[in-house]
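A.B. asks: This is what each chain is made of:
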Amino acid sequence: MQVKFESVKTKEEEEALIRAVEKTEAVQGAIELLSGGTTSLAVSLNGKTCFVDKRAIYYIESVDKKTFVYTRDNCYETKYRLYELEEMLGGYFARCSKALIVNLRKVKKVASQLGGRMDAILLNEETIVISRAYVKDIKRRLDI
Amino acid sequence: MSLSEKFKVVFMNTVVVSTAILFMLGVQATFAEMAGDGSIYFSWYHPFSIIFSGVSCSIPSLIFYTSKPVSKRNYILRIVIHCLILLVLVEAEGYLFSWYDSFSGAVAICVIYFVVYAFTWISNTWLTRKEDKKINEALNSIRDEE
Numbered sequence: 012m013q014v015k016f017e018s019v020k021t022k023e024e025e026e027a028l029i030r031a032v033e034k035t036e037a038v039q040g041a042i043e044l045l046s047g048g049t050t051s052l053a054v055s056l057n058g059k060t061c062f063v064d065k066r067a068i069y070y071i072e073s074v075d076k077k078t079f080v081y082t083r084d085n086c087y088e089t090k091y092r093l094y095e096l097e098e099m100l101g102g103y104f105a106r107c108s109k110a111l112i113v114n115l116r117k118v119k120k121v122a123s124q125l126g127g128r129m130d131a132i133l134l135n136e137e138t139i140v141i142s143r144a145y146v147k148d149i150k151r152r153l154d155i
Numbered sequence: 070m071s072l073s074e075k076f077k078v079v080f081m082n083t084v085v086v087s088t089a090i091l092f093m094l095g096v097q098a099t100f101a102e103m104a105g106d107g108s109i110y111f112s113w114y115h116p117f118s119i120i121f122s123g124v125s126c127s128i129p130s131l132i133f134y135t136s137k138p139v140s141k142r143n144y145i146l147r148i149v150i151h152c153l154i155l156l157v158l159v160e161a162e163g164y165l166f167s168w169y170d171s172f173s174g175a176v177a178i179c180v181i182y183f184v185v186y187a188f189t190w191i192s193n194t195w196l197t198r199k200e201d202k203k204i205n206e207a208l209n210s211i212r213d214e215e
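Here the protein sequences line up with chains A and B, keeping their order.
Under this note's numbering, the first residue of the first sequence carries the number 12, and numbering increases by one thereafter.
Under this note's numbering, the first residue of the second sequence carries the number 70, and numbering increases by one thereafter.
This is chain B alone, in the form it adopts within the complex (with noise of 0.2 Å):
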């Protein structure tokens, strides 16, 4: 894998996973309003912490790319890894911007976490789904008949 397509596959990561993310805090923001609670509001940084962590949680999304077939068990191996490794930066990086002040909110960031993680998996195995299909389409309008 050249660099180029190394930063290509890390440039869209960021990109759903920052969206994930303020998905998930537009969610949690809309429901503490309709609970009237006011108390909600967005420090001058969030928008940086949120860009910063999904460059630092597209980062480990490279060990997927490998260069040789890896066996279903590898890959689920690879999966459990990188969905802790990713558990930690953004724990760490919920404790260094701020996103929670006590244990609860560590939890809540983790279950946070949880939901986004499976999202982007949902939305990446959609995308290629959808591509898949789309060559198929084409493929069918041009082969041979044998």
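This is chain A alone, in the form it adopts within the complex (with noise of 0.2 Å):
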């Protein structure tokens, strides 16, 4: 893809167009990152402030009025509440009911259940429910 830069004056002039044949991965990330989107997250583990970089995000939950952020191997704490979580994070991180926001990323598959539950595994083998008021908004981020 060719690159081309143009020397503006002022900070309003500032804008970035991405002329592509599809929006591939590499492209997405191009917009987040100029369009200042986060791409990590501050979160709390043992009492520690860190942060997470949200391609390592597996799911968050909110339980008991306290959002818990896991990633492959650890769970950290955050203070955003998940509505909040969801507008920063937003790509691929979708709400899959009332208490969870799952990053599409890393799903394995997914499969419906009885009782019009469906269930999605992840890539670490870990079982998460998809509420079926929330299969429509997934499958609009997915562009189905």
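Quick caveat, the hints were computed from the structure, so don't treat them as lab data.
Among these hints, one or two may not hold up.
Claimed, not checked - In silico lysine-lysine, DSS-like type, Cα no more than 25 Å apart, as pairs: (1) K202(B) - K150(A); (2) K76(A) - K90(A); (3) K141(B) - K199(B); (4) K119(A) - K150(A); (5) K147(A) - K34(A); (6) K137(B) - K90(A); (7) K203(B) - K119(A); (8) K15(A) - K77(B); (9) K203(B) - K15(A); (10) K77(B) - K147(A); (11) K77(B) - K109(A); (12) K76(A) - K109(A); (13) K15(A) - K34(A); (14) K119(A) - K34(A); (15) K137(B) - K76(A); (16) K119(A) - K147(A); (17) K109(A) - K120(A); (18) K109(A) - K119(A); (19) K141(B) - K34(A); (20) K59(A) - K90(A); (21) K199(B) - K77(B); (22) K109(A) - K137(B); (23) K77(B) - K119(A); (24) K137(B) - K75(B); (25) K59(A) - K141(B); (26) K137(B) - K147(A); (27) K203(B) - K147(A).
Put the two chains together into one complex, using the hints given.
C.D. replies: Right, dumping it as structure tokens:
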């Protein structure tokens, strides 16, 4: 891809235009970077604050008004609420129930279960439940 | 499950059930015509009775939607209860709308009911699996490598 840089005089004039055949992962990454999207999240583990790369997050759960961020091997706590995280993380982070946000990139497969439920098996073999009410939004995010 | 979700479930099931009833009636009428029996005709209220039956037979399906996971045994029990409630509803509506006028007619309705019931389950299962497949294919294209 050709990359052009053009100098402008004011901040208001700054803009980026990406012309591509399709929105690949690299293009999506560039969009998030240029638009100032979140790439890491402030969390705490054993009282110590640290940052977790959003690509490492599997899912985020709200339990008793506390929010927990799960990666492959760890569970962190964060001060953010689920609705804030939904806005901050965007992209493939989708609400799958009232108390859960899942990173769709970490979902190995989904399978409908008895009673209208849908199970999502993650890459670490953990299973989380997707409520029927959120399937439509997940499909929209997947461009289905 | 919210009220709008319940409404959606009932509406979708109404469409499936009404279509299945129409299909079965169509098959029955076609066979009768082929056999040279031109006596089959439909009264003015039959289309409405099919829609009414679709709605009334869809409402009991809400027993399958629970907030908590249910065991396979519990689910099979729900299917049996659902099937029997629907059979009673269909036979009662059949009597009310004059779908049959003799015992043999009631038996025929019973047989048609079981065919429609099986058709509905098979089509629902097929649609669900199709949706799962679509989602899984989309997930394959965005999944992180680990």
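A.B. asks: Would you mind marking each hint as holding or not holding in the structure?
C.D. replies: Tested hints:
1. K202(B) - K150(A): Cα-Cα ~12 Å, so holds.
2. K76(A) - K90(A): The hint holds at about 10 Å.
3. K141(B) - K199(B): 22 Å, holds
4. K119(A) - K150(A): At roughly 15 Å apart (the allowed maximum being 25 Å), K150(A) and K119(A) satisfy the hint.
5. K147(A) - K34(A): 21 Å, holds
6. K137(B) - K90(A): 29 Å, violated
7. K203(B) - K119(A): 13 Å, holds
8. K15(A) - K77(B): Measuring from Cα to Cα gives roughly 50 Å; hence the hint is violated.
9. K203(B) - K15(A): 38 Å, violated
10. K77(B) - K147(A): Measuring from Cα to Cα gives roughly 13 Å; hence the hint holds.
11. K77(B) - K109(A): 19 Å, holds
12. K76(A) - K109(A): 12 Å, holds
13. K15(A) - K34(A): With a Cα-Cα distance of about 19 Å, the restraint between K15(A) and K34(A) holds, given a limit of 25 Å.
14. K119(A) - K34(A): 22 Å, holds
15. K137(B) - K76(A): 21 Å, holds
16. K119(A) - K147(A): 19 Å, holds
17. K109(A) - K120(A): 21 Å, holds
18. K109(A) - K119(A): 21 Å, holds
19. K141(B) - K34(A): 43 Å, violated
20. K59(A) - K90(A): OK: K59(A) and K90(A) at ~13 Å, within 25 Å.
21. K199(B) - K77(B): 19 Å, holds
22. K109(A) - K137(B): 14 Å, holds
23. K77(B) - K119(A): Violated. K77(B) to K119(A) sits at ~29 Å, over the 25 Å cutoff.
24. K137(B) - K75(B): 16 Å, holds
25. K59(A) - K141(B): Between K59(A) and K141(B) the Cα gap is close to 45 Å, so the pair fails against 25 Å, i.e. violated.
26. K137(B) - K147(A): 21 Å, holds
27. K203(B) - K147(A): Holds. K203(B) to K147(A) sits at ~12 Å (cutoff 25 Å).
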